[in-house]
Amino acid sequence: MDTNGDCLGVVLAGGRSQRMGADKAGLIWQGERLLDRAIAALRATGCTRVIVSGAYPGYEHVVDQCADRGPLGGLASVGQVAPESRWLVIAVD
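159 is the number of the first residue of the sequence shown in this note's numbering; add one for each residue after it.
Since the hints were made in silico from the structure, they are not lab data. Hints should not be assumed to be uniformly reliable.
Cβ-Cβ distance ranges computed for the label pairs, FRET-style [said to hold, decoys possible]:
hint, residue 1, residue 2, range
1, V221, A198, 19 to 25 angstroms
2, R227, Q188, 28 to 34 angstroms
3, C224, Q188, 32 to 38 angstroms
Please read all numbers here as calculations on a predicted model, not as lab measurements. Quick reminder that beta carbons are idealized off the backbone N, C-alpha and C, glycines included.
Could you put the whole structure together from the sequences, leaning on the hints where they help?
Next up, the structure:
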C-alpha cells in the first residue's frame, strides 16, 4: 500500500466479547495490548490515521451509533466521521 496518507485504518473493537468474558482489545499478548498491536499493524501498512470502532477513550474512536449491529454497525458509525475514500479494516482479534 502506498503511504500517501489518504487511507484510513479502522480497528473493529466495539463488540461485547460475550463468549470471551473480557474485553478482547485490552488483552495482553506478547507484552502488548491487542488494541495497540492492531493500531501498530495498520500504521505499518501506511495508514496515517487510525480510528477505533468502539468506546476507547485515549484513542481516536467512534462509539457505535446503533448498538448491537455488529461490525457493519461499527463501520456505518465510522463512515459518519471519516471522509477518507479508502479504508483498511481489521478486527482487534
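Requested in this report: Would you pick out the hints that fail for this structure and give their numbers low to high?
Outcome: Hints that this structure does not satisfy do not exist here, as all of them hold.
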